Amino acid sequence: MEYKYIGKDAKRPNAVERVSGRAIFVDDIKLPQMLYAKILYPKYAHAKILSIDTSEAEKMQGVVKVVTGKNIKHPFGDCLHDRLPMAVDKVRYIGEPVAAVIADTERHARAALSKIKVEYKPFPVYTDALEALKKDAALIHEHSEKYFYVSPLYKPTPGTNIAISHEIKKGDIENGFEKADVTAEDEFYFHHMSSVAIEPHATIALHHIDGTLEIWTSNVGPFAVREQVAEFFGKNISDVRVHIPHIGGCFGYKSDPGIEPLVAYIASFVPGRPVKLRLTRKEDFTSTFIGRGIRAHIKVGATKDGKLTALEETLYLSTGAYADTGSNVLIVSVQTSGGVYYFPNAHVKGYSAYTNTPPVGALRAYGHPESEFAIERIMNILARKLKMSPNELRKKNYITEGKTNVVGEKFKKSDGDLLKCTDNVLEAIPPKLDVKEDDKFYYGVGYAGLIKAPKAATFASKGCHIKFNADGTVSLNMAGGDVGQGLWTVARQIAAEALKMSPDKIRVYNEIDTQYSPWEWQTVGSMFTFQGGNAIIRAANKAIDTLKRNASLVLKRDPDMLKYDGEYVYDRSYPDARIAVKDICRGYITKDGTTVGEIVDVTSYYRLPGVQNPDPETGLGRTGGSYTMGFQGCKVKIDKQTGKIYIDQFATSIDVGKVIYPKGAKAQVLGGVLMGIGETLMEEVRFKENGELANPNLIRYKLPRIEDLPAKQIIKFVETTDATGPYGARGLGEHPLIGVAPAILNAIYSAIGYDFKEVPVTSDKIKKALEEKDLLKNSKED
Amino acid sequence: MQNITVTINGEKKEVFFEGGETLLEIIRDNLNLTGTKYGCGQGACGACTVVINGEAKKSCMVLFRRLDSAEILTIEGLTKNGKLHPIQKAFIDADAVHCGFCTPGIIMELYALFTKNPDATEEEIKKTLNAHLCRCTGYLPLIDAAKIAQKYYKESLRKEA
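Just so you know, the protein sequences line up as chains A and B, in that order. The opening residue of the first sequence carries number 1 in our numbering; numbering runs sequentially from there. The opening residue of the second sequence carries number 783 in our numbering; numbering runs sequentially from there.
If you are wondering where the hints come from, they were derived from the structure by calculation, not from laboratory data. Be aware that one or more of the hints could be misleading.
Said to hold, decoys possible - List time: in silico BS3-like cross-link candidates among lysine-lysine, alpha-carbon distance up to 27 Å:
#1 A:Lys-716 to A:Lys-395
#2 A:Lys-768 to A:Lys-440
#3 A:Lys-663 to B:Lys-794
#4 A:Lys-712 to B:Lys-794
#5 B:Lys-794 to A:Lys-666
#6 A:Lys-30 to B:Lys-929
#7 A:Lys-644 to B:Lys-909
#8 A:Lys-4 to B:Lys-871
#9 B:Lys-933 to A:Lys-8
#10 A:Lys-43 to A:Lys-155
As the list claims (entries may be wrong) - Chain A is nowhere near these chain B residues, computed Cβ spacing over 10 Å in every case:
#11 Thr-787
#12 Arg-848
#13 Val-879
#14 Asp-901
#15 Thr-919
#16 Arg-940
Computed from a predicted model, the values in this text were never measured in an experiment. Ideal Cβ placement from N, Cα and C applies to all residues, glycine included.
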């Protein structure tokens with residue numbers, strides 16, 4: 001099929017504002033009468049608050065109010081309502097707000113913080129699920145039985161530090177292992193990290209004196225913010241209005257309500273005055289969501305000819321001080337534990353444990369890199385036991401047409417061609433190395449498959465509002481946050497294609513406002529192109545139908561006799577009988593002024609059809625809906641003296657169904673792979689024993705820079721038309737980082753024969769491994 | 783309160799301040815030039831980069847009181863009469879403007895580099911941009927943009943000459 005606008009490069013509609021420094025981000029907004037808040041954090045990561053004395057702080061220059069959590073009546077949340085905007089009687093992590101100062105300037109607010117006196121009784125601190133789950137561990141939530149949960153999926157286990165647990169049972173696991181000739185079993189760990197958007201979190205909240213609440217924030221879930229904040233304050237949802245200006249990157253941690261409930265709570269003490277809180281980079285690490293933090297104990301079985309028979313696995317998520325936002329991270333990780341492989345039998349359990357760290361929330365592809373790291377590493381280990389090439393073993397076991405994943409979803413041919421992706425990567429980076437080592441380096445290659453579904457709420461939808469203007473141009477409103485992934489560009493391209501008009505005639509929204517934007521669940525799960533694109537097509541079709549009905553009144557023909565080409569509606573047999581779109585988009589004004597027809601102003605929505613909650617007994621069910629699969633590989637070299645690793649080549653091939661915006665799609669892969677390299681080789685939120693973060697800044701928390709780029713990158717998209725995606729397209733945004741960690745670790749094994757089972761693998765760790773294997777070459781010897 | 787006079791984006795200004803403010807704080811909070819961004823406050827991310835007396839500097843690391851009589855250029859000063867600077871145009875043409883938060887700092891860095899050395903090599907460009915963090919692009923689009931920017935900038939200098 002030939003397309004006019006999609007599949008071709010386009011200009012980003014927001015680029016001029018962003019390139020000229022004119023794009024307005026939250027911290028750029030100043031409102032009349034605005035006040036500033038600064039937050040007091042605890043001395044301990046786990047402690048009872050015995051007393052708070054704010055009297056001295058209240059006397060400080062410029063201070064308007066000092067706020068504590070004592071007015072908070074109940075917790076809030078999405079799935080499991082265990083969250084508090086500010087500590088009430090105990091603190092559970094080092095970044096938890098204990099009190100806030102509201103002042104005329106940020107400086108004055110900061111100066112008053114040290115005058116607040118707090119007495120604590122410290123409790124033991126746990127930063128790892130395995131410690132928190134030990135018998136006799138102190139309880140981080142003493143009364144989790146009181147928490148509301150939206151479905152049994154999110155039911156906590158009172159009297160323990162288990163927040164939620166999840167299980168899937170497919171086939172007969174015992175029989176599966178009986179049929180196995182070979183098994184492989186191991187433990188893997190994916191460390192905690194931070195999303196680290198370059199824009200730190202910032203929020204402004206204003207409680208109007210009429211009781212309505214207005215919020216400006218950097219978040220891709222404006223409607224989730226609105227609903228949770230409304231519920232927390234007992235307000236009508238309609239009385240809370242959330243504005244989203246430009247967002248300086250998300251990568252996960254700006255998708256659930258984060259600091260918004262906190263700022264709204266603080267601002268409630270000064271009705272009529274807006275309060276701004278902008279986090280420092282340190283606070284952005286300590287007091288927003290972190291990600292990952294999953295341990296996996298995995299066992300797989302296979303017949304001697306390499307057919308997988310069984311998967312048994314237990315996952316432990318160190319979910320942090322509040323479990324609400326980590327719940328789906330655990331569930332998704334359990335559901336994706338089989339990766340791209342068909343297991344006839346599987347038994348996978350997962351536990352999310354309260355710990356004394358910042359809460360785990362979304363982070364690019366959450367749940368997937370964690371368990372796919374385990375499966376892709378164990379496949380290599382299993383292949384060795386089978387004396388088979390790892391990629392041969394992989395290809396033999398892909399979830400191809402008619403086979404099911406571990407939650408029992410049957411795959412169609414239109415779900416993608418993983419074999420083609422694999423071949424693309426193997427062609428770019430052949431498994432056979434010409435040189436295994438030279439004077440300076442050891443060389444290795446490694447590979448991994450990847451798979452991801454949106455994994456959103458079953459009711460998650462996106463909306464599109466199309467408004468035809470009097471000159472025939474179109475205003476397009478949606479609620480998807482363009483955090484840099486280019487979705488406003490994609491929206492305009494799809495709208496242009498569906499409305500058969502030049503993108504120049506379509507003005508895409510550039511801010512989101514819950515009062516005017518169509519409802520959208522959250523811009524998460526790499527599903528904007530898929531869901532949003534379908535919403536656009538539906539709205540476009542509705543608009544075209546309306547135009548035809550209006551035209552039929554003028555042309556005196558039935559609407560189904562008419563055609564539309566973007567500029568005119570005309571008789572399909574006698575095209576000369578036509579009327580311009582601009583003359584009928586607000587109805588048609590007849591000669592004497594009487595007007596007939598409808599205003600062409602429509603809204604449509606789209607959700608993934610048929611996505612369901614997992615079966616309560618087995619955990620099986622259509623929980624993904626739409627999958628994107630791919631394959632990644634790399635060639636690395638390791639310095640024999642220093643252990644430093646260099647990525648010479650990195651190849652990615654993903655079956656995206658249809659590339660809508662080629663430059664944008666390529667950039668998603670480039671950015672995703674580099675973020676994957678970051679989490680594999682350098683990025684880690686490290687905790688001290690007392691629960692403090694050891695590296696909450698961009699000097700000690702290493703983010704990949706230009707010097708960390710692979711020397712060469714190869715990107716190949718496969719386009720197997722999706723059965724339900726818009727123009728056959730599937731999601732792509734998060735996927736490119738999923739296979740990076742296992743591919744690199746498999747390559748390290750190929751280079752030096754050492755099995756790393758945890759990330760990040762720093763040069764120091766590789767150097768130690770070289771020492772252990774007696775492979776380290778001392779420069780003096782040379 | 784203290785005061786010094788600086789030239790900001792070609793305009794001479796007497797600025798009053800308390801004492802310990804960084805240039806970044808003054809630019810954003812006092813002068814409302816919000817195109818310059820706070821990303822880390824420690825000189826690690828480059829989002830706050832501006833040009834001071836012809837040199838690219840991280841404004842979060844510069845105390846304002848030391849800037850008496852300095853010439854300061856921010857991203858807002860690069861666009862003249864509503865017309866984008868060639869470097870800005872290059873970033874759009876190369877599709878290198880993603881979330882846009884790190885973009886102003888990177889553009890100011892390149893402006894200083896190309897003004898001093900219009901013939902900077904690709905290695906020099908990469909080395910200079912290594913001081914900037916970008917989470918969206920994976921950097922390659924930025925490097926492409928920088929090369930196009932260099933070309934456009936040189937063309938614009940020739941036209942002026």
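**Item:** Consistency of the no-contact label for B:Thr-919, given chain A and a CB cut of 10 Å
**Value:** violated (6 Å)
**Reported absence of B:Asp-901 from the contact zone with chain A (all CB gaps over 10 Å)** = holds (20 Å)
**Message:** Would the hint linking B:Lys-794 and A:Lys-666 be met if the CA-CA limit is 27 Å?
**Reply:** violated (44 Å)
**Message:** Given the hinted pair A:Lys-716 and A:Lys-395, is their Cα-Cα distance within 27 Å?
**Reply:** holds (18 Å)
**Asked** Does the claim that B:Arg-848 lies off the interface hold, with its Cβ farther than 10 Å from every Cβ of chain A?
**Response** holds (19 Å)
**Message:** Between the alpha carbons of A:Lys-644 and B:Lys-909, is the straight-line distance 27 Å or under?
**Reply:** Satisfied, since the Cα-Cα distance of roughly 19 Å is no more than 27 Å.
**Message:** Need the status of pair A:Lys-43, A:Lys-155: alpha-carbon distance at most 27 Å?
**Reply:** Violated, because 31 Å separates the two Cα atoms, which is more than 27 Å.
**Item:** Distance restraint between A:Lys-4 and B:Lys-871, which requires alpha-carbon spacing of 27 Å or less
**Value:** holds (25 Å)
**Asked** Is the hinted pair A:Lys-712 and B:Lys-794 satisfied, with a Cα-Cα distance of at most 27 Å?
**Response** Status violated; Cα separation ~48 Å.
**A:Lys-663 paired with B:Lys-794 [C-alpha distance capped at 27 Å]** = Between A:Lys-663 and B:Lys-794 the Cα gap is close to 42 Å, so the pair fails against 27 Å, i.e. violated.
**Message:** Can you confirm whether the C-alpha distance between A:Lys-768 and A:Lys-440 stays at or below 27 Å?
**Reply:** With Cα atoms ~17 Å apart, A:Lys-768 and A:Lys-440 stay inside 27 Å; holds.
**Prompt:** Does the structure keep B:Lys-933 and A:Lys-8 at a Cα separation of 27 Å or less?
**Reply:** It holds: about 25 Å lies between the C-alpha atoms, which stays within 27 Å.
The structure does not agree with the numbered hints 3, 4, 5, 6, 10, 13 and 15 stated previously, though it agrees with the rest.
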